[in-house]
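Novice: Heads up, the sequence shown is in UniProt numbering, so the first residue is 1 and it goes up one at a time.
Calculated from the structure, these hints are not laboratory results.
The structure presented is a predicted model; accordingly, all values stated were derived computationally and were not measured.
Treat the hints with caution; some may be incorrect.
Label pairs and their calculated CB-CB ranges [to be verified]:
hint: 1; residue 1: Gln60; residue 2: Thr139; range: 26 to 36 Å
hint: 2; residue 1: Gly72; residue 2: Arg137; range: 30 to 40 Å
hint: 3; residue 1: Ser122; residue 2: Leu42; range: 35 to 45 Å
hint: 4; residue 1: Val46; residue 2: Gln140; range: 36 to 46 Å
hint: 5; residue 1: Asp152; residue 2: Glu71; range: 12 to 22 Å
hint: 6; residue 1: Pro172; residue 2: Asp152; range: 32 to 42 Å
hint: 7; residue 1: Glu187; residue 2: Lys69; range: 35 to 45 Å
hint: 8; residue 1: Lys69; residue 2: Leu188; range: 26 to 36 Å
hint: 9; residue 1: Leu85; residue 2: Val177; range: 13 to 23 Å
hint: 10; residue 1: Lys69; residue 2: Thr93; range: 30 to 40 Å
hint: 11; residue 1: Glu70; residue 2: Val174; range: 10 to 20 Å
hint: 12; residue 1: Asp152; residue 2: Leu42; range: 31 to 41 Å
hint: 13; residue 1: Pro40; residue 2: Gly142; range: 16 to 26 Å
Where a beta carbon is used, it is the ideal one built from N, C-alpha and C, also for glycine.
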Amino acid sequence: MMQPFDRTPCLSICRCNVNIWKQHLFKVVFFPPLVLSAEPQLKGIVTRLYSQHGYYLQMQPDGTLGSTKEEGSSFTQFNLIPVGLRIVAIQGTKTGLYLAMNGEGYLYTSENFTPECKFKESVFENYYVTYSSMLYRQTQSGRSWYIGINRDGQIMKGNRVKKTKGAAHFLPKVIEVAMYKEPSLHELASEPVSPPRKAAKTSDSPSLKNGRRESAKADAS
């Protein structure tokens with residue numbers, strides 16, 4: 001007489017396979033998610049910007065821009081942060097403020113990183129470096145506006161600086177290589193923000209002394 005088919009081994013194998021499948025499914029579903037790194041990703045430099053006329057660009061603790069011949073001043077140190085192809089942000093290491101140029105060519109410092117804080121870094125024929133505004137230029141000729149220091153050590157308006165003149169030529173004196181986080185881009189405010197922007201006293205802008213306007217000095221390239 002034919003014996004009934006014994007299904008016990010088959011059921012045991014099925015149960016075993018199901019258990020293995022559940023174990024693997026558990027591993028797949030509950031595998032720890034990847035954590036994105038928030039570490040700095042931009043490789044820049046801490047440097048001093050030495051003008052061909054013998055002055056270092058300087059940012060005072062209150063954000064005022066100027067120049068000095070003292071190399072050892074800690075206020076002459078800047079972070080040069082790459083924010084695009086040959087485009088940099090220039091930030092004072094002591095103040096954390098960004099160097100910026102407005103639509104009139106004046107340099108000022110800003111707490112926020114805005115489009116006015118972007119500068120194109122170019123190497124000139126004499127191996128000095130020029131920094132021009134990425135946002136503003138001459139309307140008709142298309143000539144760029146540059147950061148410049150004249151022979152008297154005064155900051156110049158960007159639209160008065162020519163790239164062929166020594167006022168526009170800087171030699172970055174690298175202190176160290178550093179890693180930076182990408183700055184968060186802010187929109188330009190339609191009205192001055194509080195605290196107000198610190199504009200640099202330029203060679204051709206009238207200054208206030210005892211409440212009276214002084215006459216402007218001529219540029220010296």
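Novice: Given the range 35 to 45 Å, decide if the beta-carbon distance of Glu187 to Lys69 lies inside it.
Specialist: Holds, at about 38 Å.
Novice: Has the hinted range 12 to 22 Å been met by the Cβ atoms of Asp152 and Glu71?
Specialist: holds, 19 Å
Novice: Using the C-beta atoms of Glu70 and Val174, is the stated range 10 to 20 Å upheld?
Specialist: holds, 18 Å
Novice: With respect to the beta-carbon atoms only, verify the hint that Leu85 and Val177 lie 13 to 23 Å apart.
Specialist: Holds: the Cβ-Cβ distance is about 19 Å, inside 13 to 23 Å.
Novice: Given a hinted range of 30 to 40 Å, is it respected by the beta-carbon distance of Gly72 and Arg137?
Specialist: holds, 36 Å
Novice: When you take the CB atoms of Lys69 and Leu188, is the distance between them in 26 to 36 Å?
Specialist: At roughly 34 Å between Cβ atoms, Leu188 and Lys69 fall inside 26 to 36 Å, so the hint holds.
Novice: Given the range 26 to 36 Å, decide if the beta-carbon distance of Gln60 to Thr139 lies inside it.
Specialist: Distance hint for Gln60, Thr139 holds at roughly 33 Å.
Novice: Between the beta carbons of Pro40 and Gly142, is the distance compatible with 16 to 26 Å?
Specialist: violated, 36 Å
Novice: Is the gap between the beta carbons of Lys69 and Thr93 within 30 to 40 Å?
Specialist: Violated, at about 19 Å.
Novice: Can you tell me whether the CB distance of Ser122 to Leu42 sits inside 35 to 45 Å?
Specialist: violated, 19 Å
Novice: Falls inside 31 to 41 Å, the C-beta gap from Asp152 to Leu42?
Specialist: Holds, at about 35 Å.
Novice: Does the Cβ-Cβ separation between Pro172 and Asp152 fall within 32 to 42 Å?
Specialist: At roughly 22 Å between Cβ atoms, Asp152 and Pro172 fall outside 32 to 42 Å, so the hint is violated.
Hints 3, 6, 10 and 13 from the earlier list are contradicted by this structure; the remaining hints agree with it.
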